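Number of protein chains: 2
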Amino acid sequence: MSSPSPLEQHDLEAFLNRLKNYLACQSVSTDPAYREEMNKARSFLKEHLIDIGFSNIQELDGGIGGHNALYAEWLAKPGKPTLLIYGHYDVQPPDPLDQWISDPFDMQERDGRLYARGISDDKGPTLIALEALRCHMAAQGELPFNVKILLEGEEETGSPSLPNILSQNRELLAANAILSADGARWRADLTAINVGSRGNGGFELSIKTADLDLHSGRYGGAVPNALHEMARIIACLHDDKNKVTIPGFYDDVIMPDAETEADLHAIEFDGQGWTANIGSVEFGEEGYSTLQRLWDRPTLEVNGLWGGYQGAGSKTVIPNEAHAKITMRLVPGQDPEKIRASAKAYIQGLCPDGVELTISGDRGWTRAYAVPAKHPLLLAAETALEKTLGEKPLRVRVGATLPLSDLVLGTLGIDTVMFSFSTADEQFHAPNEFLRLSAVKEGVEAWIKLLDLVGEQSPSDYQAA
Amino acid sequence: MSSPSPLEQHDLEAFLNRLKNYLACQSVSTDPAYREEMNKARSFLKEHLIDIGFSNIQELDGGIGGHNALYAEWLAKPGKPTLLIYGHYDVQPPDPLDQWISDPFDMQERDGRLYARGISDDKGPTLIALEALRCHMAAQGELPFNVKILLEGEEETGSPSLPNILSQNRELLAANAILSADGARWRADLTAINVGSRGNGGFELSIKTADLDLHSGRYGGAVPNALHEMARIIACLHDDKNKVTIPGFYDDVIMPDAETEADLHAIEFDGQGWTANIGSVEFGEEGYSTLQRLWDRPTLEVNGLWGGYQGAGSKTVIPNEAHAKITMRLVPGQDPEKIRASAKAYIQGLCPDGVELTISGDRGWTRAYAVPAKHPLLLAAETALEKTLGEKPLRVRVGATLPLSDLVLGTLGIDTVMFSFSTADEQFHAPNEFLRLSAVKEGVEAWIKLLDLVGEQSPSDYQAA
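Protein sequences, first through last, are from chains P and Y.
Position one of the first sequence corresponds to residue 671 (my numbering), numbered consecutively onward.
Position one of the second sequence corresponds to residue 671 (my numbering), numbered consecutively onward.
With the rest of the complex left out, here is chain P (with noise of 0.2 Å):
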């Protein structure tokens, strides 16, 4: 039987018309001011996977009083494997609004580019995945294999409800793999996949060296004074190397096997051009590339740190409370109990007698995330890469955490293959984001690819992964 193809199913005009009716669905996660647009992107979501042909269409509630995720399924496929496809439906807030060029929920295209608030992250990658699907089902009145859908409601928030969502619904999300349309490519002039991301984990010190804020003529000199205490022990977290000096701390890192390094190698990557971008410089870990400080060496970030008086002027104050938050980014092989007790207890030692220091505000403590490297999913992306494209992709990591790989590792067992069309640089979280019009085009039809290539697999091949 010679059925009729896939992509000759997708019809630009009309995705971009639903991708605009999406976006006008102001579903601003973090703010309870549009708890009813949030429901208004549900309701869109379930009516465009009925008219795909999906099924069993709920709502799955973390108990926890936030925003459900959409969950779906077409199983008619048996002998074949299953995929958990996941995106997401809400979108940052649009401020500082008079930043945008147009109104951040209409959908404009300029000059190649499509913009609205959630089009890169991730409205438009999931509606590239859906369509793939649409088109599929379409050409062929079936999709290749059985597929699942969770589009989450609190990404942008940190996904609080997801861990419930997972570990209460462990039988109905059962799946080979976990097929991502969140996770941006890295740059628009390479085609590359990402393999891995690092993990994170932070907490914050609270540093209290009197009652008060003391005068500094009356009592300079001769009291200890909360932010020299504080400089004095982020300036000991790292050597002069920019090592972290925390105990341990590289113990267990396992560096990238030698076929990733040489990718990683093979990257035309200019450092220098790429830090004078944003007004900076290339800093960091003494003998080791940009890229490997980026992807395979763990770090650790001060994201604030403040006391005393920031006003204009002078206030001439022994500042009696210094505070700063701390994170880490973690990679394959550290353990994050094992990091977060040892910088706890390291920092603790740091603080001299009769100066108080608290350590509070426990976050993330996140894996590292990588695919085994001949994961079959991540295998088929390659290939569908390379067919839509013309290139085989590099393995490329980001440096950023995507706490999902882990979580759903955690919870389901199975691993995630990211597969998103957005870019990088489009602006996520700012204004005027944006999505490519050439990715819609080169993400629909490397999803169709991608599709052919599971179904081809069988369910015994993600067993041996």
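Among the hints, a few may not be true.
Since copy identity is lost for identical chains, a pair holds within one copy or between any two.
Simulated crosslink set (EDC-like; lysine to aspartate or glutamate; CA at most 20 Å straight-line) [as the list claims (entries may be wrong)]:
(1) K716 x E1126
(2) K1057 x D859
(3) K985 x D1032
(4) K911 x D1023
(5) K878 x E952
(6) K747 x E874
(7) K985 x E952
(8) K1014 x E874
(9) K1111 x E1061
(10) K985 x D765
(11) K1057 x D721
(12) K985 x E874
(13) K913 x D721
(14) K1044 x D1131
Since the hints were made in silico from the structure, they are not lab data.
From a predicted model like this one, the values you see are computed outputs, not experimental measurements.
Fit chain Y to the given chain P structure using the hints.
What follows is chain Y alone, placed relative to chain P:
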């Protein structure tokens, strides 16, 4: 001729009524809303000065749109010294109002203490000085020496007009010395006289490492972090003995002479109790006592430091900017210009390549001040205190900065003796400011004795000083 005793002219009840009326003038200099109240305070003083017998009363304008100072004189004792008596009629704002037990502008007595905004700083001490002059005049129809009065209206806002007022009225204000009714006593349980104060100076550091805050996942480990650099610089400003590391910082320090040192060590001072009282600990430059650290040693303090995210939760940014406000307290011998230049050069040198450091916002750069050890007005003040309180006062310094002394020395070429009867624990600048009732009696008596003692001196005593 046996004149009646000036002290017999003192009527406590009438004095307290007058003080209550003066305190009812809400002379808050920092807030333009109180401008009319500033006028009221000046009118009150003019009337009182006329009542006492002063003439040539005038307002001195610094020409920068500030609050005028008030001048008055009584110069009918040719051949006797001329003193310029200083006080200020402005007060701090009364906020936070809800923390006052009684109305800040309605003087109330409770348990031997008089409560009102400005009663200790500096309206009470000023009226005590005027009361002594009034009693003298009432008893003897004249004063024992020539008196000029200068009452400033901008002390609480850093005396912006005072340099102009002094330099534009050198002739009018010419005197043998300044006798200041401002400059609180250190402790209620110690008979002491302030013989010096520290200088000060400071600036602000701003570090920039990129054009904008950067995502710590996408950039972390590969670009500089403004807060790391700031912490490193701040941590470098003190060594492990808590000495300031600025080159030459201590080179010109003149420690007090043996006699003053002996006085200092004669003071019973429980440093541990003093710091425990404010929830702190004794701390500072190795090899010096707490009192030496406070009075005789220069110090450097970070008064404020900030950068990055300070809100709730976490935000994984690499801050592109960091700021710090720094001030120093200087001691006799140190040249503010030299310290300023050395500090700036040293701090600039601590900043690595690729990181932009700006030093701006110079403030202060006032010399330390010490009354010459044998200054006739100091000797007279000590005698007056001894005669009033029954014991020889110890010579102490104050760790804070009183720019008046240095300013007057520079413009009028004369020294300053502080003769105030407020005490440093009387909640200046805070709710429930008070003055000990006992200070009124002690103050009026000591001022009267001091007037008599100066009346026995001649201008030539001062020329020798």
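Checked hints:
1. K716 x E1126: For K716 and E1126, neither the intra-copy (29 Å) nor the inter-copy (101 Å) Cα distance is at most 20 Å.
2. K1057 x D859: within (17 Å within a copy, 90 Å between copies)
3. K985 x D1032: Classified as between; 13 Å across copies, 33 Å inside a copy.
4. K911 x D1023: between (28 Å within a copy, 15 Å between copies)
5. K878 x E952: Answer is between: at 14 Å across copies they meet the 20 Å cutoff, but 35 Å inside does not.
6. K747 x E874: Neither, since 50 Å and 69 Å both go past 20 Å.
7. K985 x E952: neither (36 Å within a copy, 23 Å between copies)
8. K1014 x E874: within (10 Å within a copy, 32 Å between copies)
9. K1111 x E1061: Answer is within: at 16 Å inside a copy they meet the 20 Å cutoff, but 96 Å across does not.
10. K985 x D765: between (34 Å within a copy, 17 Å between copies)
11. K1057 x D721: For K1057 and D721, neither the intra-copy (29 Å) nor the inter-copy (102 Å) Cα distance is at most 20 Å.
12. K985 x E874: between (26 Å within a copy, 12 Å between copies)
13. K913 x D721: Answer is neither: 54 Å inside a copy and 75 Å across each miss the 20 Å cutoff.
14. K1044 x D1131: within (10 Å within a copy, 98 Å between copies)
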